[in-house]
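**Q** Working from the sequences, and respecting the hints, build out all of it.
Those sequence lines, one after another, are chains A and B. FYI, this note's numbering numbers position 45 of the first sequence as 45, with every residue one higher than the one before it. FYI, this note's numbering numbers position 47 of the second sequence as 47, with every residue one higher than the one before it.
What you were told as hints is all true, and nothing was included just to trick you.
Interface residues of chain B toward chain A, partial, derived using beta-carbon atoms under 7 Å:
hint, residue
1, G42
2, P43
3, F45
4, L91
5, P100
6, F103
7, D105
No wet-lab data here; the hints were simulated from the structure. All values derive from a computational prediction rather than experimental measurement. All C-beta atoms, glycine included, are put in the ideal place defined by N, C-alpha and C.
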Amino acid sequence: LAKTTQPISMDSYEGQEVNITCSHNNIATNDYITWYQQFPSQGPRFIIQGYKTKVTNEVASLFIPADRKSSTLSLPRVSLSDTAVYYCLVGGSYNTDKLIFGTGTRLQVFP
Amino acid sequence: DTGVSQDPRHKITKRGQNVTFRCDPISEHNRLYWYRQTLGQGPEFLTYFQNEAQLEKSRLLSDRFSAERPKGSFSTLEIQRTEQGDSAMYLCASSLALEPQHFGDGTRLSIL
Numbered sequence: 001l002a003k004t005t006q007p008i009s010m011d012s013y014e015g016q017e018v019n020i021t022c023s024h025n026n027i028a029t030n031d032y033i034t035w036y037q038q039f040p041s042q043g044p045r046f047i048i049q050g051y052k053t054k055v056t057n058e059v060a061s062l063f064i065p066a067d068r069k070s071s072t073l074s075l076p077r078v079s080l081s082d083t084a085v086y087y088c089l090v091g092g093s094y095n096t097d098k099l100i101f102g103t104g105t106r107l108q109v110f111p
Numbered sequence: 001d002t003g004v005s006q007d008p009r010h011k012i013t014k015r016g017q018n019v020t021f022r023c024d025p026i027s028e029h030n031r032l033y034w035y036r037q038t039l040g041q042g043p044e045f046l047t048y049f050q051n052e053a054q055l056e057k058s059r060l061l062s063d064r065f066s067a068e069r070p071k072g073s074f075s076t077l078e079i080q081r082t083e084q085g086d087s088a089m090y091l092c093a094s095s096l097a098l099e100p101q102h103f104g105d106g107t108r109l110s111i112l
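**A** Right under this line is the structure:
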């Protein structure tokens, strides 16, 4: 499974757009890119998954360039409740096999 | 959909004791996964089941660890002769094929 690299931490203010970039230089042809969110003392929660170009849902957008060696999770107009750890993973569609987590990006949103 | 349920939420035990955790997946989810998470790290895969069959086990799952999923419904994870290094959050997830994994809120194990 491809290794991912993402910033250890990011800070933002309420109402701003936050973009978290993940590098996955060794992504395989069949790999999808998936993002999870985790709050303290809770399990990870699925946010979004994509294969190429752009995917958008009610929570976030995922931008994937043509070479697929990186991806960017975009959170529009963050609030304090978006303070969490965000994990980027690559693997099969919906990672029906085991998920391989990195250390994630700790996002802190300030008022 | 009541979500993935894990019991207990917290467990404190002395080194050398045996502990057992339970996971109730979302009903009709045929896949069930166990992960372990230590402070500041992402979850690490331990094992997973498809229905009652245990299909993969991580090298992290030493001989002191055993997981079962009788009848393909709930699952238990047992740790025998606990050690200090077993202190962690144990997470369970379930899914249907081609759908995202849904996680429970874990069992936090503390070894005294």
